[in-house]
Amino acid sequence: PAFAETTWDMSVVWPESNFHTQNAKIFADAVETATDGDVVITVHSGGALGIKGPEGMAAVRDGLVPIADILMNQQVGEAPILGIETLPYLAPTMPDLALLHKFFRPKLEEVAASMNQKLLYMVPWPGQAVYAKTPINSIEDLSGLKMRVVDANGYDFFNRLGAAPLQMPWGEVVPSLAAGTISSVTTSSSSGVDGSFWEFMDYMSTFNWQASSNIVTVNLDAWNALSPEDQVAIEDTARRLEGEFWLTSRREDDAKIATLKSHGMTVTAPSPAFKAALIERATPMWDAFKERVPEAAPYIDAYLEARGN
Amino acid sequence: MGTVSLALVALLAFLLGTGVWICLGLLGTGVGLLTLFRPQMPIEKLLAQQAWNASTSMELLALPLFILMAEILFHTKVAESLFNGLAPWTRRLPGRMSHVTVLASTLFAAVSGSSAATTSTVGRITARELIAKGYDRSLVTGSLAGAGTLGFLIPPSTIMIIYGVLAEESILKLFMAGIVPGALLALSYMLYLAIRATLNPSLVGAPPPPSSFREKLATLRGEGLAPLLLLIVCVVGSMYGGIASPTEAASVGVLGSLLLGVYQRALSWRTLGQALFHAAQTCSMIGFIIIGAMFLSVGLGYLGLPRFVAATIQGLHLSPFTLILALLAFYVILGCFMEGMSCIVMTLPITLPLVLAAGYDKIWFGIFLVLVVELAQITPPVGFNLIVIQRLIGGRIGPIARAALPFFLITATFTLLLAVFPGIVSWLPDLLASRS
Amino acid sequence: MPARPEALTRTLVSRIDALCTAAAVLGAACLAGLFLLILSEVLARNLLGQSLAFSWDFAAYGMGCCFFLSAANTMKNSGHVRVTVLFELLPPGPARIAEGVACVLGMLVSLALVYALGDMAWLSYVRGSTAASVVKTPLWIPQSLMTLGALVFVLALVAQFLRVLLGEGHVDRPDIEDAL
Ligand code: NA
Ligand code: NA
Chain A
1 PAFAETTWDM SVVWPESNFH TQNAKIFADA VETATDGDVV ITVHSGGALG IKGPEGMAAV
61 RDGLVPIADI LMNQQVGEAP ILGIETLPYL APTMPDLALL HKFFRPKLEE VAASMNQKLL
121 YMVPWPGQAV YAKTPINSIE DLSGLKMRVV DANGYDFFNR LGAAPLQMPW GEVVPSLAAG
181 TISSVTTSSS SGVDGSFWEF MDYMSTFNWQ ASSNIVTVNL DAWNALSPED QVAIEDTARR
241 LEGEFWLTSR REDDAKIATL KSHGMTVTAP SPAFKAALIE RATPMWDAFK ERVPEAAPYI
301 DAYLEARGN
Chain B
1001 MGTVSLALVA LLAFLLGTGV WICLGLLGTG VGLLTLFRPQ MPIEKLLAQQ AWNASTSMEL
1061 LALPLFILMA EILFHTKVAE SLFNGLAPWT RRLPGRMSHV TVLASTLFAA VSGSSAATTS
1121 TVGRITAREL IAKGYDRSLV TGSLAGAGTL GFLIPPSTIM IIYGVLAEES ILKLFMAGIV
1181 PGALLALSYM LYLAIRATLN PSLVGAPPPP SSFREKLATL RGEGLAPLLL LIVCVVGSMY
1241 GGIASPTEAA SVGVLGSLLL GVYQRALSWR TLGQALFHAA QTCSMIGFII IGAMFLSVGL
1301 GYLGLPRFVA ATIQGLHLSP FTLILALLAF YVILGCFMEG MSCIVMTLPI TLPLVLAAGY
1361 DKIWFGIFLV LVVELAQITP PVGFNLIVIQ RLIGGRIGPI ARAALPFFLI TATFTLLLAV
1421 FPGIVSWLPD LLASRS
Chain C
2001 MPARPEALTR TLVSRIDALC TAAAVLGAAC LAGLFLLILS EVLARNLLGQ SLAFSWDFAA
2061 YGMGCCFFLS AANTMKNSGH VRVTVLFELL PPGPARIAEG VACVLGMLVS LALVYALGDM
2121 AWLSYVRGST AASVVKTPLW IPQSLMTLGA LVFVLALVAQ FLRVLLGEGH VDRPDIEDAL
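Protein chains in written order, with the working numbering: chain A, 1 to 309; chain B, 1001 to 1436; chain C, 2001 to 2180.
These are computed hints drawn from the structure, not numbers from a lab. C-beta atoms are modelled at their ideal positions from N, C-alpha and C, and glycine is treated no differently. Where hints are given, some of them may not hold.
Taking lysine-lysine pairs in the DSSO-like style, the calculated list, with each CA pair at most 30 Å apart, reads [as the list claims (entries may be wrong)]:
(1) 52/A x 107/A
(2) 52/A x 290/A
(3) 2136/C x 1045/B
(4) 133/A x 275/A
(5) 261/A x 275/A
(6) 1045/B x 107/A
(7) 25/A x 52/A
(8) 261/A x 1362/B
(9) 102/A x 256/A
(10) 52/A x 275/A
(11) 290/A x 275/A
(12) 2136/C x 52/A
(13) 107/A x 290/A
(14) 107/A x 2136/C
(15) 1045/B x 25/A
(16) 1077/B x 52/A
(17) 1362/B x 133/A
(18) 25/A x 256/A
(19) 1133/B x 52/A
(20) 102/A x 2136/C
(21) 1362/B x 25/A
(22) 2136/C x 290/A
(23) 1362/B x 256/A
(24) 102/A x 52/A
(25) 107/A x 25/A
(26) 1133/B x 1077/B
(27) 256/A x 133/A
Listed below are several chain C residues computed to face chain B (Cβ distance under 7 Å; list not exhaustive) [stated by the list, open to error]:
(28) 2032
(29) 2071
(30) 2111
So here's chain A without its partners, still in its complex pose:
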């Protein structure tokens, strides 16, 4: 790397072994190869550059880092439309999400450009499950459940379902689970393994009620300083790897669920009737979102029409 023309520090807030971090490292290596060593990316995991989740796009815009891996829905404070894919049951499966992205991606690129950055690739997290100390097989089972949620949609959705959702920093979650201050958490299979949730809860229901993706964006000033050949090489690399990263995400979910099971956690999926009831409570939230963020409406409508409902 001594002869690299460009060195980029890449901010990633996830731990070193998280699959998004590993993806970023694979991407960094591939970029170095594709640009013949012109562009060398150093991945800083665990938020080591002091950038917190909701600041990702702002940090790339301001040039604090040239490139970052960013949880898209955490950027709603800068652009509310970036919360689109976290609407409950809007795009619960990977094919759904890919279809939603087909319509939404141009808009996302536009939002990114307005924040002086360029989208390179985006990769979804495994779906959001519900972990609890008791089995969750019906809406009644959710009643009054003290459940930790991470965003406004989670708060709203589980309130509608009769649970008692609450927000608390991640650092408070484990002691609170141990003491019974909270009895449930909604998060991905990855985070369930990260938090060793089997130590506190016996049941996991694969609600998959919410999708969320990470985006990797690059600052436009840094991008424009590259040679056209390097730009093409990086774009090609991003396009080629994105598909692989989606498969990694699916494998990640399978592997993490297997880990949860191997530690004795009972993993179930909601029955068709239960799922229908959940979706029924979710759809009014889509309309509320379209009302609050009118620019999102055309993308949601186009996606739903293409999906056939």
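Given chain A, put chains B and C with the ligands in place with the hints provided.
Leaving out everything else, chains B and C with the ligands in the frame of chain A:
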């Protein structure tokens, strides 16, 4: 990197040496280094971001609450009754009431997740009282600095939570693993106090008059230890009883101290206002230092210094024990200039694989890191416990750091002991794992 | 120092001191507020079975505002920690000059802080940035309160500098730390 390190030491020495306030000295050093070595970077954006993040971080919220609790308790008769209550029990103990600081810190560490909160709460209630009772100033400040660090080692612990997330290790197991080392370390501090007091009895205050067992029992009632014990039961109970999260338990503590003050008729609107003002000032002082330390730490991260040194150690291919020795030295030096949590976040991707390859496990390294962060709390110039103590009882940083040195050495030796006997760490978590 | 400028300086210092106290009242209110917010969350959850969506967020903003709004008063009361060895080693004259230099250096750094925070608050306002959590708090509100606190803090440093000119600096009050 040599130039960066030199510039770091020179700038910091200049700003702190000329008497610039420590928080501003740290900020100034960070701004200066980035201006020199990263001139193209939008430094003002980083400065604002770090000031915002550090001062609105939810992980920090327990700190102002515990500081407020200590301020309110200061106006009540709790300190007085704590000493009157404990005096008859410690009569025959070598070191007498000097142990109160260590015991109170250990107890409070089980409630609070941070060392600064532990030090400032215990210090506010015990330190001046002990000095007034004729205990040696240096012994009191040193033991407070040392024992205050137990806040991180005895669960709950913010450091362990961050490490657990980054290293993907069970936070519960880390909490369990901290208990035995925490208790042993507290005992080592008490042993040291006992030895010092035996060698030089003038270091501790005069013995209280002898008392009968009936009189001793009376200390547990009414105006004696009862109110304080009740308060601790409320805070711990709300946390372990499923009523409040650790930070929320701190607010229960504030409420409890308010009720106690009202019950003892020790609080007027005036004293309450004073407590609030004084607590806000302490918070502001500590908060500004945290902002300065975070900004400087992140700035050094952008300059690549911690990663560079960690990678250099990696390149040395040391034997397991020399590796631990080198890492201890590395973190102690880093801890002089950086905030402890940042040290871990920036170096973990390099040091964790090294330590695992040397045959230690993740739990062990977690406890090791907690201990080096504790050491960083009591090394100048960026030593939070030293600064908190200076705020509490005055005096200069230098003598406080010197007073803390024996406790620094005890903790450092203890850390190396853990490298030789890793079983001290793994015993309790293994025991609990085999039972379930 | 001649009599009239000295009187003016004293007036200025006392005005700034009053401003520091006013900011500190706000800072103390923030501290009380964050306590009440967290306590309300505990009570609401345990008594009403309902969490308050805003408690943690607002408490965190309250903490930031408390740090900044109380900073000036803390400076006034010599609550911010510094290394004072130099002032004690030098003879009184040079010591006073050194203390003045420290004040000026401190002022420069804290001016950078004001600029950085003000820039952040202004851009948050212009861009309409909000929190990403349940309550979409406009970020310019807590950020401008923090900027205000930092601004008063600069003034407190100015007052400190003027005190050194008037001969009331640390050098002339060596026991200030014990008076706390
Ligand atoms: Na603790
Ligand atoms: Na230190």
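Is residue 1362/B within 30 Å of residue 25/A, Cα to Cα?
Answer holds: residue 1362/B to residue 25/A is near 23 Å, not above 30 Å.
Can you confirm whether the C-alpha distance between residue 52/A and residue 107/A stays at or below 30 Å?
Judged against 30 Å, a Cα distance of about 24 Å means the pair holds.
Taken at face value, is the distance from the CA of residue 256/A to the CA of residue 1362/B at most 30 Å?
20 Å, holds
Holds or violated: are the alpha carbons of residue 107/A and residue 2136/C at most 30 Å from each other?
Holds - the C-alpha atoms of residue 2136/C and residue 107/A are around 22 Å apart, at most 30 Å.
Hinted pair residue 1077/B and residue 52/A, Cα distance within 30 Å
43 Å, violated
Between residue 107/A and residue 290/A, is the straight-line Cα distance small enough, at 30 Å or below?
The hint holds at about 15 Å.
Distance restraint between residue 52/A and residue 275/A, which requires alpha-carbon spacing of 30 Å or less
Not OK: residue 52/A and residue 275/A at ~34 Å, beyond 30 Å, violated.
Sort out whether residue 2136/C lies within 30 Å of residue 102/A, counting only the CA atoms.
28 Å, holds
With a cut-off of 7 Å, does the beta carbon of residue 2032/C approach a beta carbon of chain B closely enough for the hint to hold?
Holds. Min distance 6 Å.
Are the Cα atoms of residue 102/A and residue 256/A separated by 30 Å or less?
Distance of about 28 Å is within 30 Å: holds.
Has the given pair, residue 256/A with residue 133/A, been kept, meaning a C-alpha gap of at most 30 Å?
19 Å, holds
Could you grab the alpha-carbon distance between residue 25/A and residue 256/A and see if it respects the 30 Å cut-off?
21 Å, holds
Hint compliance for this structure: hints 10, 16, 19, 30 are broken, all remaining hints hold.
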